[in-house]
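Visitor: Start from the sequences, fold in the hints, and give me the full structure.
Protein chains: 6
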Amino acid sequence: MKIAYVGAAPKSTEEVERRRSLLQEWSAPGTTIQMAYAKDGPASIESMYEEYLAISGYAKGMVRLEYEGFDAAIVGCAGDPGIDAYRELCTNMLVVGPGMSSFHAAAVLGRKFTLLTVADSMIASSYELIQKSGLASMVTSVRAVNIPVLELAANREETLEKLVRIGREAIEKDRADVLVLGCMSMAFLQVAEDMQKLLEIPVINPAKAALKLAESLASCGLKQSKAAFTVPPKLPSEQANTIEELLIKRENKSTLGESYYDNYL
Amino acid sequence: MKIAYVGAAPKSTEEVERRRSLLQEWSAPGTTIQMAYAKDGPASIESMYEEYLAISGYAKGMVRLEYEGFDAAIVGCAGDPGIDAYRELCTNMLVVGPGMSSFHAAAVLGRKFTLLTVADSMIASSYELIQKSGLASMVTSVRAVNIPVLELAANREETLEKLVRIGREAIEKDRADVLVLGCMSMAFLQVAEDMQKLLEIPVINPAKAALKLAESLASCGLKQSKAAFTVPPKLPSEQANTIEELLIKRENKSTLGESYYDNYL
Amino acid sequence: MKIAYVGAAPKSTEEVERRRSLLQEWSAPGTTIQMAYAKDGPASIESMYEEYLAISGYAKGMVRLEYEGFDAAIVGCAGDPGIDAYRELCTNMLVVGPGMSSFHAAAVLGRKFTLLTVADSMIASSYELIQKSGLASMVTSVRAVNIPVLELAANREETLEKLVRIGREAIEKDRADVLVLGCMSMAFLQVAEDMQKLLEIPVINPAKAALKLAESLASCGLKQSKAAFTVPPKLPSEQANTIEELLIKRENKSTLGESYYDNYL
Amino acid sequence: MKIAYVGAAPKSTEEVERRRSLLQEWSAPGTTIQMAYAKDGPASIESMYEEYLAISGYAKGMVRLEYEGFDAAIVGCAGDPGIDAYRELCTNMLVVGPGMSSFHAAAVLGRKFTLLTVADSMIASSYELIQKSGLASMVTSVRAVNIPVLELAANREETLEKLVRIGREAIEKDRADVLVLGCMSMAFLQVAEDMQKLLEIPVINPAKAALKLAESLASCGLKQSKAAFTVPPKLPSEQANTIEELLIKRENKSTLGESYYDNYL
Amino acid sequence: MKIAYVGAAPKSTEEVERRRSLLQEWSAPGTTIQMAYAKDGPASIESMYEEYLAISGYAKGMVRLEYEGFDAAIVGCAGDPGIDAYRELCTNMLVVGPGMSSFHAAAVLGRKFTLLTVADSMIASSYELIQKSGLASMVTSVRAVNIPVLELAANREETLEKLVRIGREAIEKDRADVLVLGCMSMAFLQVAEDMQKLLEIPVINPAKAALKLAESLASCGLKQSKAAFTVPPKLPSEQANTIEELLIKRENKSTLGESYYDNYL
Amino acid sequence: MKIAYVGAAPKSTEEVERRRSLLQEWSAPGTTIQMAYAKDGPASIESMYEEYLAISGYAKGMVRLEYEGFDAAIVGCAGDPGIDAYRELCTNMLVVGPGMSSFHAAAVLGRKFTLLTVADSMIASSYELIQKSGLASMVTSVRAVNIPVLELAANREETLEKLVRIGREAIEKDRADVLVLGCMSMAFLQVAEDMQKLLEIPVINPAKAALKLAESLASCGLKQSKAAFTVPPKLPSEQANTIEELLIKRENKSTLGESYYDNYL
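Those protein sequences? They're chains X, C, V, Z, H and E, same order as listed. Numbered per this note's numbering, the first sequence spans residues 1 to 265. Numbered per this note's numbering, the second sequence spans residues 1001 to 1265. Numbered per this note's numbering, the third sequence spans residues 2001 to 2265. Numbered per this note's numbering, the fourth sequence spans residues 3001 to 3265. Numbered per this note's numbering, the fifth sequence spans residues 4001 to 4265. Numbered per this note's numbering, the sixth sequence spans residues 5001 to 5265.
Keep in mind the hints are simulated off the structure, nothing from the lab. It cannot be assumed that every hint is accurate.
Unchecked claim - Computed cross-link-like contacts, DSSO-like style, restricted to lysine-lysine with a CA-CA straight-line distance of at most 30 angstroms:
1) LYS2226(V) with LYS173(X)
2) LYS3002(Z) with LYS2249(V)
3) LYS3226(Z) with LYS2173(V)
4) LYS4197(H) with LYS4162(H)
5) LYS3132(Z) with LYS2226(V)
6) LYS5197(E) with LYS4226(H)
7) LYS5132(E) with LYS4226(H)
Stated by the list, open to error - Calculated Cβ distances over 10 angstroms to all of chain V for the following chain C residues:
8) ARG1018
9) GLU1068
10) ASN1092
11) ALA1154
12) PRO1236
13) THR1242
Quick reminder that beta carbons are idealized off the backbone N, C-alpha and C, glycines included.
Guide: Quick look at the structure:
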């Protein structure tokens, strides 16, 4: 089975290789992991705007990966940005996101989970993501660690300590019985395992959750339902032959008018 | 009061002017309407992928319009694509969407509304949008007219006839007591008014609903809550000085590694 | 446009004029405000019983105002008492309530609002009112200031201080990102504007919210759906010719029996 | 135990006595039934406006009955109009409504119930009443018989036949497994018992359900929670000594101003 | 009317007689109470496993009691273990549970109730039970006293004191306006009555609530809907003649294979 | 990895071996499947009573399998009977059910799923099971094939044809975009794969779904949360040393009284 992990923005060769080898190590016998990072994208994702910034690169990657015959692809961000779009675009390749994968794993293992997200700015949209998964009744709280994504890995011990402290609050105050890490940098820091030992409840690593869900569904021959995620109608009707052609540009169409904002929009 | 209507993609000068003059006609004394169309974007929006395609142009426009001192801006698509992002980015300019504006107007006027969307491919995501507005309990159905957006205006009579027929089904089978048009091309076709006369229940024109909501809230000095829609943290912390700097590009960073997918992503 | 503000009980000429001139000041060019106060009604509304006491006067006023050709009428109490009845009785005049107007404005501006009501005795029924608006998922708390309505205006500074303190608790403990004032005496005290400056999140003034909603919908030719709010069947079937005739009285009907409670009921 | 049945409007001596003797027959040994009909009120209740019209008479009756030492009182309308108000006003006398009593009985006996209401005009408000009882998840449909209340009893056979037909539709199309009659005239027509035999699922008679709930709770020493239904604050604080004093009247207060609407409101 | 109280496991003659005489004392004139205790079952119920352990004994008892002509039977555990099964098996005898009876009584008397259960281990399943009753929106919290069931009665004063303390927390922190005792040993300790006096809100005794519900429904000729709780299909189709025959045993069927676990399962 | 499949009742050696080899074939490299069938249990499960009948055998098996060092066990019934109990009893062995596994897989792949259950008698309890999984908002319908479980395999073609026909109805009338088979006999008949080809939407085989979920979670070191599924308190407190000792029997306790029902309960 060939599974791709698609990153939102370029990363150093070392870090990409480190993440690949972790995914490879976690995968089942017979699975090959391929890393595919977009050429440009947000440095990290701490707002809805940055989520949307990632979608263009992801979409191009997903379409290419499907064409290359991959069995499944993982959106490389715990907010699953734009996942419904890739599911519309791909018919033969399964697309999964770490967010949804983790929420469903948490729902299976306990009764009330807490999501630990990176920043206060992501709390409200995290609730929306959980609701979109259909699991609003299973979440007891979303709490933020408030360490910038790009600094999470700089001091693993400090990050772990803070995660354990906030996780304990979730257990005691919100009666959480499962924790979910809501960030891929946390995932590849491999802190879930340490937290689980210290806190004695399941802690979901979103990278592992997404990988395992991809392997499971793909091995059963299951892919997203095309009745739920229809191909954009202009593609089958041949108004557009590629996803690039879904975009129109003013310079190409001499009949298009100018407007006051022509200069900068 | 200065209100901008932001379009997702370039349109002919005539059509832009036609829409502007309708908005101007509908607006309250003292309101000036400005049209701002993105230089590139989706020809029309009939899938989630096309919704996401529109966001980049919208975001640049919104930031610019806020800088120019506009009081409010209207997202020019009934699916409100990316609206939470523009609300994060803008602090002094109110941002509203035709979808949310229409759903709340419908909820105020009746007990159960039906949304008439353009295509079957948009039904599922329309329910998600209504749920995101907090109004899931007020919708009784989403029904599609299945006329491509770009053909809606070609034959106004046929479009109206089909909308009336489907609206009547919604009233009889789903007990709808208010209808919402879910497409800006329908809005500027001015069919809501005819439908309302024929069907004898309120029919919401999303362009008017958004304009009136923008005028109302702005005249009360109300804007989106920055506690709900936080500015992306990298901007106040000066890791990025503009929204363009939230994007990193491989060519600019010689230390970034290459990956297998470098060629096309 | 002619808009009426209907008060539940008589008030001093000065106070009525003060409120009228505020509403007139807040209204759009072309709007005329008329005050209509019932001859008898509850001194203030701090219980469900007092809400119901107000309905008889409101209903008579609404029917008269519609007959006089008003475009819209505002129920002059933040609990919207009896609003579904006036919507049944009126076909050509839009009827809005400050409660529903405020909740929908709050839902549009943020993700979780707190309603600040007058007394603990109104907390439970306030949740029911929000649920009736379809917005139960958008409210994070209802908190009471516990200053009797009739004393709110006596010491504006103290009232403001208390509202700010409780508003801050709502923000910190309940994660509210919008506040709604749940009392017309608060509304006409014009504290929302001061609170908004101090607390830095939107604070909804229910009088302004209702006025703006009335202007917005009426200017679009929208009124409550008669499919949702049916005229009482005895009126179209001519069993009753006026709303007064919907009431039967023992003295008029010699065939009606007496019962044990004849003396006092 | 002394239980009162409070009627919204005067009725003929014969009909009052007929209803009393049915209630007495259905009651447990030791229960005495007293009928108390308001001197004026709506002839029948087929709209929210008529529900509100009934409240004034009910409230006076309830206060008097509590003063006379009754153990419990039943609101004599299946829409439970104004019940939260009487629960606020009464501390020592239990107040129950036939609507809530029937919905809870239905929820206990099956999984999905259908409410059979009198007219299409009551369907929407019936859903609201069920939701207010906390039982929205247990109702599968509300269907109307569309026979005017005052004609229901005129032709018992026709009424029964129509109820059976609509009940069967509810079973087959909505998968109802319990039926609730939503009208006191149906209740005292004693059709529930016949319907139950013909349809082979439980059919709730709201008069019996309310009587039995009143007897049950009262015999356990249970009354409505005063923490949920607070006495209107002006009564304990002695701003008002009786419920009549909660109403102010213009003629009594020479300082109250006049307004444009003085003539009719 | 003949009502049986079915116990999950054998108890001392004295305790059974003490409970019977309390139930008899609480019952209406004309009701006869019969105690029926299973020969084996869990000593007390503090986990889901122990709930399930009780079902086999209960089911046999229920079938026998129906055969003997009882009008109604009460499941003798506040978790209502297996009640849907007995409702499937019994057609002519009403079956009620103390849990559902108490939740509906609480919902009728207030707006938000707290359930006081025995142990932390029962909190999560208690929420599920309330949700199954359709009353999830009426519960504000489940709190545990954490006194083992078998010790509750040993020191009545200490138990009462703890219940009052936790009840007060529920009132103050969770805004509960009704309390429900979630254990039959608490019920027969008759502490609800003392708590109600001290805390001044209704406190539901689950034994009384179940008894009164059984009397009420049975006196109206109401039983569980067989459309909701179908008889196991093998009984009417005569694949099985008794509930015992629904169980197959390996020793009886020589054609059944052996498996690795034959030794202990 | 060692995974056990636990059957509710004895089956023929051939059928057990056939099922084992299918599970082994579907499993990942490195997984060993062990079949463990209870010595007595229900022949098939078509009612809640039969679900409960299966629990005793399952529980004994689960405890034994944990003791033997299995990594995970699958409850061999699509209704997941008693699963919360086994999760309480087992600390080191993961326990999963085919029902929950399938519902979560369906929720991940589409937006609205239909469950195809065996008999009308299971429809209502199936909705409850889905609600317990937290996925009530993702199910659009439960439909029954009404072929007795024991006859499903007798005529595979007829069964498949009926499933396809009912599946098509679910797609057309209920807008299902994923189907779930709700019976293990259907699962091992391998019809999901054929249905998926014919109906062109994902069809979940519950046996595969449970196996893959077990492999996934176990390979991540994840097990049910003991904070959510507490060990029955009598075990850690040593009031009972084995699950058998949680049961008390009259014959063992000479101090236990007799009751009227001693003869048969």
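Visitor: So which of those numbered hints doesn't the model satisfy?
Guide: Hints 1 and 6 contradicted; others consistent.
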